[in-house]
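**Student:** Residue numbers (numbering that gives the first Met the number 0), protein chains in the order written: chain A, 0 to 676; chain B, 0 to 676.
Simulated from the structure, these hints should not be mistaken for laboratory data.
A partial selection of chain B residues facing chain A, derived with a Cβ cut-off under 7 Å: (1) His-21; (2) Ala-24; (3) Gln-27; (4) Phe-35; (5) Asp-46; (6) Met-103; (7) Ser-115; (8) Phe-117; (9) Thr-141; (10) Ile-258; (11) Gly-259; (12) Arg-309; (13) Gly-406; (14) Ala-459; (15) Pro-462.
Cβ coordinates follow ideal geometry from the N, Cα and C atoms, glycine included.
Number of protein chains: 2
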Amino acid sequence: MPSEEVPKETAAPKEKKTAIAHKLATKQQEISVTEFFEKNKQILGFDSRSKSLLMGIKEAVDNSLDACEEAGILPDVSVRIDRLNEEDYRICIEDNGPGIVHKMMPNVFGRLLYGSRFHALRQSRGQQGIGISATVMYGNITTGKPAHVISKIEGEDEVAWGMDIVIDTKTNRPIVTNDKALQWEGHEHGTSIEYTIKGRYVTGKQSVFEYLKNTAIVNPHAQITFHDPDGTKTVFERATDIMPPKPKEIKPHPEGMEIGDILKYAGNSSQKTIKAFLKNDFSRITERLATEILEKSKVNGEKKPEKLTREDAIAILDAIKTVKIMAPPTDCLSPIGDTLIKKGLMHVLDGLRPEYYATPVTRSPKAVNGNPFIVEAGIVYGGDIPADGQVQILRFANRVPLLYQQGACAITKAISEMDWRRYGLEQRGGKGIPFGPAIILVHVASTKVPFTSEGKEAVAGFPELQSEIGLALRLCARNLKSHLNKMERKNKTHAKFEIVQEILPDMAKKAADHLGRPVPNLDRTITRIMNVVWVEPTVKKEGKKLRKVTYTIYNYTSLPRTFRLHAQVPKEAVNLSLFTHEHFLDMNDEGKANWEVKDLPPSTNTTIEFELSGDMADTFDADDIYFSGLNPVMVMGAEMLPGDWGIKGMEIVQTDESDFVEEDEEETMEAEDLGDE
Amino acid sequence: MPSEEVPKETAAPKEKKTAIAHKLATKQQEISVTEFFEKNKQILGFDSRSKSLLMGIKEAVDNSLDACEEAGILPDVSVRIDRLNEEDYRICIEDNGPGIVHKMMPNVFGRLLYGSRFHALRQSRGQQGIGISATVMYGNITTGKPAHVISKIEGEDEVAWGMDIVIDTKTNRPIVTNDKALQWEGHEHGTSIEYTIKGRYVTGKQSVFEYLKNTAIVNPHAQITFHDPDGTKTVFERATDIMPPKPKEIKPHPEGMEIGDILKYAGNSSQKTIKAFLKNDFSRITERLATEILEKSKVNGEKKPEKLTREDAIAILDAIKTVKIMAPPTDCLSPIGDTLIKKGLMHVLDGLRPEYYATPVTRSPKAVNGNPFIVEAGIVYGGDIPADGQVQILRFANRVPLLYQQGACAITKAISEMDWRRYGLEQRGGKGIPFGPAIILVHVASTKVPFTSEGKEAVAGFPELQSEIGLALRLCARNLKSHLNKMERKNKTHAKFEIVQEILPDMAKKAADHLGRPVPNLDRTITRIMNVVWVEPTVKKEGKKLRKVTYTIYNYTSLPRTFRLHAQVPKEAVNLSLFTHEHFLDMNDEGKANWEVKDLPPSTNTTIEFELSGDMADTFDADDIYFSGLNPVMVMGAEMLPGDWGIKGMEIVQTDESDFVEEDEEETMEAEDLGDE
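Make a model of the complete structure from these sequences and hints.
**Tutor:** Here it is as structure tokens:
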């Protein structure tokens, strides 16, 4: 752009100016990646002593769990913290993983940006090749001591190898000392890392204990043992022996690719033609699709991939946008699943006796920049959860709890941008973290979780991702709201119930006594006042693993009633008592059970009873009971069977009452504008 | 740690396990820094199209301002955005800086982790050597096009050089094409970069416009021209020709150093002895201090620095903690300063006509990890600033506005952790971002701002830093609170004033008329009711640059009064009218002016008048008026001269009234616990 203006400083001596450009040039130099992170340790999460202590442990435990899962081993991880003096701690993390081959140990622990999972499109905790070596570096910077690493791979001939490792920050290469074979007292195979670091051991929300506890929640297949600096040992017991399905590695999906991506893939391809490249190097591109893409883009498919030009790439990307490509496969992901989320939450929150666990939501997979991801959400409400503060947020990414940088996280943003007043929580102006007795859990699983920094503390706000989190939250919140509505209705009708069941008869008795007349039969009066079918659940707990469930159904209407009841029961907990009950009809594979009550006479009641036993017994929520075959306005204590329930209820056959059906609160489930922050 | 337990999986075939460790080993590989950032573009701030558009411009403008300041040139920066098609934008940023030497151009723009400011301990905007090359990379990835860079250094013989630059992401090295000398239509010297990028142009809070506007606020010496995609040209005019003092480069300060730091410095030192190393390679270590540190640490000061052991380093660091070392020098920093913060805020917020600008606070420097930093804060209140939402937060780091990641920022955390209810703002539970008609500005200046990620969007929560931000905010909020108190008192007494000045005389007149008697003299009555000295400021605006200030002082007490008034006036705006006024006493270098009123008779008044003219005239707040020589309980409309005002007022000599002095609200100015989040 031309500029007429003569800058003021041109009057200054010219020699000086020229000198400046040259002087500046002499200062230009390369910055080593190690030096960069050494100077910017807050980026890796080492910005306070307490956080540093946690970060190192987190990186090591993440690696242990990843390694065990890759090898199909049920993880057994132990964490020990010893306090050496005021600020110096010795940390030891040991696992029963597959071990690391001797010659790879130095680079794995002593070199930043070195790892096995960076290029793999598959869900894993560690992906950057930074975490554990940063821990080794930071331990060394703060205490001057090397990390001591031991690893043993399986095999009767194999020995364990131990070595001291330090990173040379100028070259980003490991310096190894005391490398020798040794007798390991640990597992048959596995890895242990011991390092000394300046830190501060804290308790509470952002503590090592909290991190390990939350890790146990979302990794119920892992056994985690923790020795804290005071010598207390805590074992987070393995809750299941079933390994989560092992995520499969996938090829890049063409969705959301940039020109640079396709050019790079083409340059690296071992395929002979562009057509083969499209077909074989990407996920979900079939022979037919490859042909279609090449036809539309007018690119010669017989060219070698490395001959792909920028114009070809643009044309191919444009063509890709116009063809229909299947969503990326999801066996590369490992979501936690509704039941385990609920089970995990219950396990941890037991002391708070929450009133309600909203059914967790697992969304179907989407992709961002070609990386598939799944969002899961759960809400716990009421009981002894503090009601006067902001709701507690539990954030997870690839089964790793996120304890820091809540404010920076797309999960928090999605929560803050939702109007929770519509779902029964307090929130000033319908924005910000809501207030109330609730805990909100969100898990993001992806082949590539977009963290905001190398410290992996918060998920970045990619619009597609934030919108999915919002949708999962809304679905879950809708469950909460319907529960709160139900509770409110129940409370209201309970008052009515008390009047007719206790106060009216009492009054009648007194009046009769007073007048010296016989007590009148109130059945018809009560029936006229109530005019409902009343379902009243009760659950009797017997120990931790047995629940006796009873539904009492009162017919306070003037006609005999025939209807069905429906509930989803944890099928692992079901026993014979369910199937032998007189009203029982059937149950499907998902545990959706049906009962039928026939011709229940007016002013009488009946019961449905069954037992649940075992680990999953306490996950059953007796308030989640549905009916069919009755007009909804005449039922209290159960919800009308929703259309998406998947099993058939009864058509409404008796319509002597008004057909008025309460209108559902309008639900706009479209993503709101979930743009940047 | 020994483990008795036999892991479950040992039953599995052994060959498979061994294979896994070896299979995993084959996947271990180096990750290039360019590949890392290419895959983690959200870390650099390129996580949405709109943010990407802003990020690139921000990096280029930061570099332009840095370069101009290093060369002592008043910056003249222009930004042009052209929209090529739906998502493709061509961006051009041009400056009048010193230019870049031809052979350095490829690395500066085409290589990550390469720069001149990373190792320098001195305030600058860019420090990482990542930003502009990341922009070049991201532009290339998304559009396939190279960046075009032109630079010309000063000198009559010099020509401009232009070249196209692309980064090879495998090697992190620039690929240069079309490198040639050319005629530049730009400035006499300077640099221009033009690149194409996929983006989205947005307006509002996180827009390019907003970023440039805020940049102009805190860089009043810069001229910034903006051509938006619609062809609209906006010029943010240079507000001052005075360059901010050029930050000096300093040596590392021993405060907060880690063992690794001192070992590294020792290894790199060119000094002959450890003593010379301590004395010459660090800031604030004198000959005497070096001797003392060596004596206390029992380290041999005559050894070569490279012979320093880990034990020596620990001993030296321990010794450093016990000796008194001066705070780091601060000429490496360039704070904005109270006046310019206020001026800048006024300039931008003009339309909102705020009621009050709390005097901005510039804290004295502190250090974190040996890096000096200064925190500045300002608050604007009332007027047309929306009162029903959260306060607006303006965040700056090293004179760069931070528009994203507000939730992740130590500035936001410091604001959220303060109980603003004590300072007149609404805040639920005394936590979180407060609500009310206020805008809070915080600037952090440091030789090394600890950003939470390479995108430089938020400041990390180092405890020392967050605590300083909290202190600056509290000081500023105290000003706000005292203003709000003053306003409240003023409103109350104004009601009283109206009664005695208007209603009472009116009533007296009516009563007298009614009775046919002469109107009584109410002076003594009014005096008895009021019993105060009343200071009433009025400001007459004449155009943008002239203010006529009048203080009317009424003596509504029963005795003659002698007292002084004190005000801080913008000394650049003062003219003869101040010095020639009958009550004027003197004014110091800071613009603190004093007036004396002698023996003002009861029931009379007098005035103090002066004019302010020029650019700074409107920064004067006439309500900031102080008195001395009177008992505070008998003064309305002025505050008692604070003890820290720095100039001498008058002792209170007349004490015929009660000596009761209103107790100041208790101010615990110690840092609250500002730990992690």
